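As they're listed, the protein sequences go chains R and E. Residue numbering for the first sequence follows my numbering, beginning at 1 and increasing consecutively. Residue numbering for the second sequence follows my numbering, beginning at 1 and increasing consecutively.
Since the hints were made in silico from the structure, they are not lab data. Quick caveat, the model's predicted, so the values are computed rather than measured. Even for Gly, the Cβ is constructed at its ideal location relative to N, Cα and C. Errors might be hidden in some of the hints.
Here are the simulated distance ranges between beta carbons [as the list claims (entries may be wrong)]:
id, chain 1, residue 1, chain 2, residue 2, range
1, R, Arg51, E, Arg91, 25 to 33 Å
2, R, Met18, E, Arg35, 28 to 36 Å
3, R, Ala80, E, His180, 42 to 50 Å
4, R, Arg67, E, Gly64, 17 to 25 Å
5, E, Ser173, R, Leu85, 46 to 54 Å
6, R, Leu105, E, Arg80, 50 to 58 Å
7, E, Arg91, R, Gly60, 56 to 64 Å
8, R, Val93, E, Arg80, 35 to 43 Å
9, R, Ala78, E, Ser173, 41 to 49 Å
10, E, Leu170, R, Arg89, 37 to 45 Å
11, R, Val54, E, Arg191, 25 to 33 Å
12, E, Ser160, R, Arg2, 27 to 35 Å
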Amino acid sequence: MRCKETKDWFEGRGEGQMPASVREHLRTCVACRTDERDWRLVQTGFRALSREPVPDPSTGFLARLTRRLAEASLAGRAAAQFWDLVGRRVILVGSLLMLTIVIALMLPTSGPWRSPVGLDLSLLQAEVAVENDPVLPDDFGSNQSAAPNVQAGEDRQRR
Amino acid sequence: MADSPGDNQELEWIKRAQRGDADAFGFLVERYQRRVFSLAYHLVNNREEIEDLAQEIFVKAYLGVRGYDGRSSFATWLSRVAVNHCYDYLRRRRTSRVLYFSQMNEEGERALEAKAQSPRQEGVDVEDRIASRDLAAKLLGRAPAEDRVILGLKELEELSVQEIAEMLDLKESTVKVRLHRARKRMLEDFRRWQRGR
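Using the sequences and the hints, build the whole thing.
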């Protein structure tokens with residue numbers, strides 16, 4: 001048997017009767033003998049600790065505990081009622097919010113606050129350009145429509 | 001679980017406690033208080049705080065008794081609550097490692113030193129036992145919370161691997177591995193201390 005196996009036996013499975021192979025190894029290996037002595041020392045300490053009398057509950061322990069349990073019970077009930085109330089309100093508000101969103105999504109896609117379907121953006125641009133372009137005396141009369149004015153404005157920008 | 005009259009009575013108390021009856025839970029406290037005290041004392045090893053700890057454990061158990069489904073015995077379930085509470089307590093309380101050995105009294109230290117240097121003897125006298133007890137207490141005090149819990153259950157509560165596995169809801173192989181590691185770390189710590197002196 002090697003040192004590692006002996007160590008494993010002491011540290012991990014050192015319960016019950018010591019195997020003959022471990023005993024044999026201990027006779028020849030000083031290092032393992034030291035380990036065995038250390039572990040034996042620690043185990044003796046554990047045994048001494050385990051034999052110490054456990055303190056008894058003091059008089060009145062049960063009465064004090066019962067009082068504490070009653071308090072905990074009341075506190076628990078109050079907390080449960082609080083969360084019950086809060087939970088109900090959260091569910092109500094959430095439902096209302098969901099309903100509002102559903103109604104908003106179901107509305108028709110036209111209306112005063114929506115863009116009309118098929119809006120021609122080029123026409124809109126032309127209208128804006130006409131508003132921004134002052135009408136010159138030369139152009140007046142020959143150009144009555146909005147489109148030539150747009151053309152004139154573009155020409156001026158190019159120049 | 002067996003169907004003895006005592007067990008039926010216990011089942012009745014548990015059901016009443018699950019409905020919020022603190023008096024019924026009081027009967028369970030009476031039945032198991034020594035067990036909880038023993039666990040708390042062996043895992044925490046602090047006489048001053050043991051009663052507070054036991055109270056906290058029972059309050060926690062009372063608030064969580066609705067979650068007890070009868071898959072394990074009530075004693076096992078309650079022990080699990082106690083072990084978890086002690087583990088949390090140890091983790092919160094863990095202090096510097098250096099402090100513990102400085103607290104070892106001189107007499108105990110001298111006896112231990114003599115014991116460690118003496119050749120192996122079969123018998124252990126009272127003085128040696130006190131020194132060893134002091135050493136084990138200090139080593140446990142220095143150990144990480146998880147090592148302390150598993151070694152406390154095995155070496156001080158003297159539970160079998162199977163009982164520990166059931167209590168902690170772990171596989172037996174996992175308990176064996178954790179025990180192995182805890183013992184190894186403890187011996188390493190002991191040697192480090194011996195080398196450092």
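Hint check:
no.: 1; hint: R/Arg51 x E/Arg91: 25 to 33 Å; result: holds, 27 Å
no.: 2; hint: R/Met18 x E/Arg35: 28 to 36 Å; result: holds, 32 Å
no.: 3; hint: R/Ala80 x E/His180: 42 to 50 Å; result: holds, 45 Å
no.: 4; hint: R/Arg67 x E/Gly64: 17 to 25 Å; result: holds, 19 Å
no.: 5; hint: E/Ser173 x R/Leu85: 46 to 54 Å; result: holds, 49 Å
no.: 6; hint: R/Leu105 x E/Arg80: 50 to 58 Å; result: holds, 51 Å
no.: 7; hint: E/Arg91 x R/Gly60: 56 to 64 Å; result: violated, 30 Å
no.: 8; hint: R/Val93 x E/Arg80: 35 to 43 Å; result: holds, 40 Å
no.: 9; hint: R/Ala78 x E/Ser173: 41 to 49 Å; result: holds, 45 Å
no.: 10; hint: E/Leu170 x R/Arg89: 37 to 45 Å; result: holds, 43 Å
no.: 11; hint: R/Val54 x E/Arg191: 25 to 33 Å; result: holds, 31 Å
no.: 12; hint: E/Ser160 x R/Arg2: 27 to 35 Å; result: holds, 29 Å
Violated hint for the displayed structure: number 7, the only one.
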